[in-house]
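Peer 1: Sequence:
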Amino acid sequence: MTARMTLLLATLAGVLFLLSLLTPWSSIAALMAEDRGLAIAVLQELRLPRALLALIYGAMLGAAGAAIQALFANPLASPDLTGTTSGAALGAVVTAYLIGLASPLALSIGAILGALAALLLLLVLAGSRAETATLLLSGLAISALAGALTTLALALAPSPFAFYDAYDWLMGSLVDRSLAQAAFAGAPALVAMLLLLRLRAPLDLLTLGEDVAESLGHDLRRLRVEIVALTAIGVGACVAICGAIGFVGLVAPIFARRLSRGHPGQAILPAALLGGTLLLAADLVTRAAPLGRVLPIGVVTALLGAPFFLWLVAHMRWSLGR
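Residue 1 is where the sequence shown starts when you use our numbering, and the numbers rise one by one after that.
Please keep in mind that the hints were generated in silico from the structure rather than gathered at the bench. Treat each hint with caution, since some may be false.
[As the list claims (entries may be wrong)] Pairwise CB distance ranges, derived in the manner of DEER restraints: (1) Leu46 x Arg221: 44 to 54 Å; (2) Val285 x Leu310: 11 to 21 Å; (3) Arg258 x Asp211: 21 to 31 Å; (4) Arg222 x Val42: 45 to 55 Å; (5) Arg224 x His263: 16 to 26 Å.
Cβ coordinates follow ideal geometry from the N, Cα and C atoms, glycine included.
Using the sequences and the hints, build the whole thing.
Peer 2: Here is the structure:
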């Protein structure tokens, strides 16, 4: 991807970030009026954490999706379709409602362990170069199992209001998050994304075959471990704070692959920028809901991403049948 395209994507993400801070437009007038102190407090305490989490979470999903698609050599691989987000949600729910540790650090550790377990199980079931059908079936099985165990954990929770308390979080939400929570999600995610960017070269070589990559000195076993661990850390930390948000990690890498001319490793950076842009845009859509209600952002991404996923599956089937 050219530097010009990178700058364009970064600019688009920056514009949406500013819109997220200043929407509605009355916020701009408030900053210039006598109640400027209140407006600044609203920006710092409510809108800034929300915008930061949308940008970071979306970028992490995009980068993780690009890395997973490159590892499995499959455009349908993504954090939500491989069970990563479901596993992270299960880990966070068990930590909060069964173990009784609800601090951001404890939730992050629980979600990371859950995501790691899901990815390792996927590698055992499907292998690292799985065919599309095997990958989808394995991912769906893991997601279904994690979802059932999450429901069971909430049902067994000591609090009778566990389902109600966890509803918004399970549907994905950026509302009422603090800067401290944004830091707990953002720090691991940023480190994971930076380390994933360092793996671009070996991921590109995988397109030439595993034997070629190994002959050039790359340890593929270590590469798989690094991608699994970094994806689990970054996605798990974000899920712990914001809940499970789907389809961003599927849509962003697919478009990024086109921008990177089919090089899977080079798609990680544009996928991160596109992922952050998509989630910021989805967050703006949630605020446009009628009657003053705020839609769960996970619902918005599912409504936008599910038709795209269905089209992608139909397109792949049509291509294979030609």
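Peer 1: Provide an ascending list of the numbers of those earlier hints which the structure does not satisfy.
Peer 2: none
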